[in-house]
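Asker: Line by line, the protein sequences give chains U and W. Each residue of the first sequence is one higher than the one before, starting from 1 at the first, in the numbering used here. Each residue of the second sequence is one higher than the one before, starting from 1001 at the first, in the numbering used here.
None of these hints come from the bench; they were simulated from the model. Remember, predicted model here, so these are calculated numbers, not experimental data. For every residue, glycine included, the Cβ atom is placed at its ideal position computed from N, Cα and C. It is possible that part of the hints are untrue.
[Claimed, not checked] Result set (DMTMM-like, lysine to aspartate or glutamate): computed pairs, CA atoms no more than 20 angstroms apart in a straight line:
hint, chain 1, residue 1, chain 2, residue 2
1, U, K138, W, E1068
2, U, K140, W, E1138
3, W, K1146, W, E1068
4, U, K140, W, E1068
5, W, K1146, U, D137
6, U, K144, U, D261
7, U, K81, U, D66
8, U, K58, U, E100
9, U, K159, U, E206
10, U, K307, W, E1085
11, W, K1087, U, E289
12, W, K1186, W, E1138
13, W, K1146, W, D1157
14, W, K1186, W, D1156
15, U, K48, U, D113
16, U, K140, U, D113
17, W, K1146, W, D1190
18, U, K403, U, D218
[Claimed, not checked] Computed spacing ranges between beta-carbons, pair by pair:
hint, chain 1, residue 1, chain 2, residue 2, range
19, U, E100, W, R1205, 43 to 49 angstroms
20, U, R200, W, R1038, 39 to 45 angstroms
21, W, T1193, U, D194, 38 to 44 angstroms
22, U, A393, W, P1117, 25 to 31 angstroms
23, U, P191, W, L1201, 34 to 40 angstroms
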Amino acid sequence: MRNVRGIDVVYLNCGACHIGSVRDAPGAPQHVYPAMPSHQFDLGAFGKFLTSIPSSQKFTGLRMMDQIRAMQDDPHRVADKPDLINRLIFQYAAVHLMREQLVILGDRLAFIDTSTWGPGRVDTFNAPKALLNFPMDKDKADPKELIGNVDFPSVWNQKPREGMQLHWDGNNTSVHERNLSAAFGTGAYPPNLDTPRVLRMASYLETAQPPPYRYGVDRGLAAQGAPLYATYCAGCHGTREPPFRLNPPGPHGVGTVVPIDAIGTDRSRLDSYTWQLAVNQSTLYAGYEKEWGFDEPYPQRFHHFRKTNGYANSPLDGIWLRAPYLHNGSVPNLRELLEPAAARTTFFYRGNDVYDRENVGFVSNLAEQDGHRFFPFDTAQPGNGNLGHAGPAYGTNLPAAQKRAMLEYLKTF
Amino acid sequence: MKKLLIALAVLIFIAGAFFWCAFYRVVPQPAWISATPRDRYFYGSVAPGKAEGIPYWVWLALPRMFPEYMPAPGGYAALGLSWEEGKEMPVGFAKQRIGFIRVTGNCALCHAVSGPPAMPRGVPTVISSIPGRTTDLEPLLTFYRKCAADPRFTADDIFGQVDQATRLSVFDRMLYRCILIPRARKMLRDPATVLFSPEILAHIRDPKGVVPPVPLVR
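Kindly generate the complete structure, drawing on both the sequences and the hints.
Answerer: Shown next, in the form of structure tokens:
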């Protein structure tokens, strides 16, 4: 919440998508972890709620004031009680201004099917196409580029990630630019960017650490898993601790892109990001560069975005909190990720924050719990494919006991 | 009386200097553009001053303002222009401050082409020049003509886009509102004359007869 031109306004910050929750059992208290993916937050549903407001007859200044009056004496409220001027603004202007903005937002984002996201997911790179006002009508846009649904990532340990290929398809190697791009997606345009506060968050995330596994690790078993990790995983995912990079780096060292034909995972997200978008992103923050008379080294015009041909292998820090797995969240838990693709669950539920210690992930087999309905995830739907990251090189053919040891070792990340 | 005349002269001088700064002061392009022949060919300005150019912020705003006149998603890249990743301008567009920051076309706008990408759905490779092959500028020029004919080509509508990209100074805002935007609109009804100098226009009309007298690549 902040005060803009005399009115308290509320909108999302980084934490909306990058603070997650964990419960030890149904009904147990929620543990909240900053920089963890918000696997339980349905951004698509939130967007749908916002963009449905302007067409509601209930959205009028009078009703808004009735509601404000009903709530203004609540001892828990954080906003000041509106004074006369604010009351007049709310009643006669704010609703109209907000309706106009919401209609524009809804219209621009209309080509993105947010109902396919479910909790913990977002279509990252169709949003900037909307914000750059590309014509996305059915007769102009390629349908293969319209689904780019991915899991929210964890955002701790950002300093060692500088120079790695960031985003799921590895399209940018600059942490700062990646941050500003994420901010752009939520409506922070160059002229209204709150530079000091964005930098404050960035500096916090540079050294933010994932919390250790909550439920105890079998150290002996984990020690057996370590050499298996070194053989099968470290070549791509690097070491357990920062700076993550192996010395010498493997052929697909951590923070680089593995070609789509090799990794074999769902290609929708890769195809949703196009070189046409990449070059247009290079005009963002234009006019802020040194050579044109702006001396501040930050922000700078974007110049790191590149179209890639695969998915980037990221460090696995805090991997126990990053379920479901793969870029599109199509594998419910870590145990299944070590199974051959054909043995993985093809239908499960997302959004439950009760931890599944057996499978290392979140409980994914319940449609409903304590009156809360979870999101049905079908891997047969476009963009949801759960194939790939499988085969002898990925350790999915190892004997069960060795997989158990590997899983135990991964809990220590 | 004498004092008044001196004051008047000083005023006229200041106004003149201001006017010169706003319209004629030539600032060299950034050093990286002239550092390599390739970049100079792709992004270097030719014959500055002879082509009026499109005011930079208008140039940036138009594709975002008029997506309905775009054949596909992708801004200027959707109009068939070559565009290298990481670069602010498509190939063949030179950005330079001559008074105000303006965009003009150079030789590469026609004489650089995009080859097929190395991988499917990948990035096209930009090739400096191929005999007998030029970029079709018709989509670009048609786009500009349609923009100029649209009643929304006004300062207020353009600022609606520009204000999402940068914060213009009060002076720039006045300059754009009162002079640059109306003038750009008038000239974009014939977009070729805004982008190219008279020599290059003559060359476009008669490619074999007139070769531009500008040294492009050393």
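Asker: None of the hints should be skipped; say for each whether it holds.
Answerer: Okay, the hints, checked on the actual structure:
{"no.": "1", "hint": "K138/U x E1068/W", "result": "holds, 12 angstroms"}
{"no.": "2", "hint": "K140/U x E1138/W", "result": "holds, 19 angstroms"}
{"no.": "3", "hint": "K1146/W x E1068/W", "result": "holds, 10 angstroms"}
{"no.": "4", "hint": "K140/U x E1068/W", "result": "holds, 10 angstroms"}
{"no.": "5", "hint": "K1146/W x D137/U", "result": "holds, 19 angstroms"}
{"no.": "6", "hint": "K144/U x D261/U", "result": "holds, 17 angstroms"}
{"no.": "7", "hint": "K81/U x D66/U", "result": "holds, 13 angstroms"}
{"no.": "8", "hint": "K58/U x E100/U", "result": "holds, 15 angstroms"}
{"no.": "9", "hint": "K159/U x E206/U", "result": "holds, 4 angstroms"}
{"no.": "10", "hint": "K307/U x E1085/W", "result": "holds, 8 angstroms"}
{"no.": "11", "hint": "K1087/W x E289/U", "result": "holds, 12 angstroms"}
{"no.": "12", "hint": "K1186/W x E1138/W", "result": "holds, 19 angstroms"}
{"no.": "13", "hint": "K1146/W x D1157/W", "result": "holds, 15 angstroms"}
{"no.": "14", "hint": "K1186/W x D1156/W", "result": "holds, 16 angstroms"}
{"no.": "15", "hint": "K48/U x D113/U", "result": "holds, 10 angstroms"}
{"no.": "16", "hint": "K140/U x D113/U", "result": "holds, 17 angstroms"}
{"no.": "17", "hint": "K1146/W x D1190/W", "result": "holds, 11 angstroms"}
{"no.": "18", "hint": "K403/U x D218/U", "result": "holds, 14 angstroms"}
{"no.": "19", "hint": "E100/U x R1205/W: 43 to 49 angstroms", "result": "holds, 47 angstroms"}
{"no.": "20", "hint": "R200/U x R1038/W: 39 to 45 angstroms", "result": "holds, 41 angstroms"}
{"no.": "21", "hint": "T1193/W x D194/U: 38 to 44 angstroms", "result": "holds, 43 angstroms"}
{"no.": "22", "hint": "A393/U x P1117/W: 25 to 31 angstroms", "result": "holds, 28 angstroms"}
{"no.": "23", "hint": "P191/U x L1201/W: 34 to 40 angstroms", "result": "holds, 37 angstroms"}
Consistency note: the structure conflicts with none of the earlier hints.
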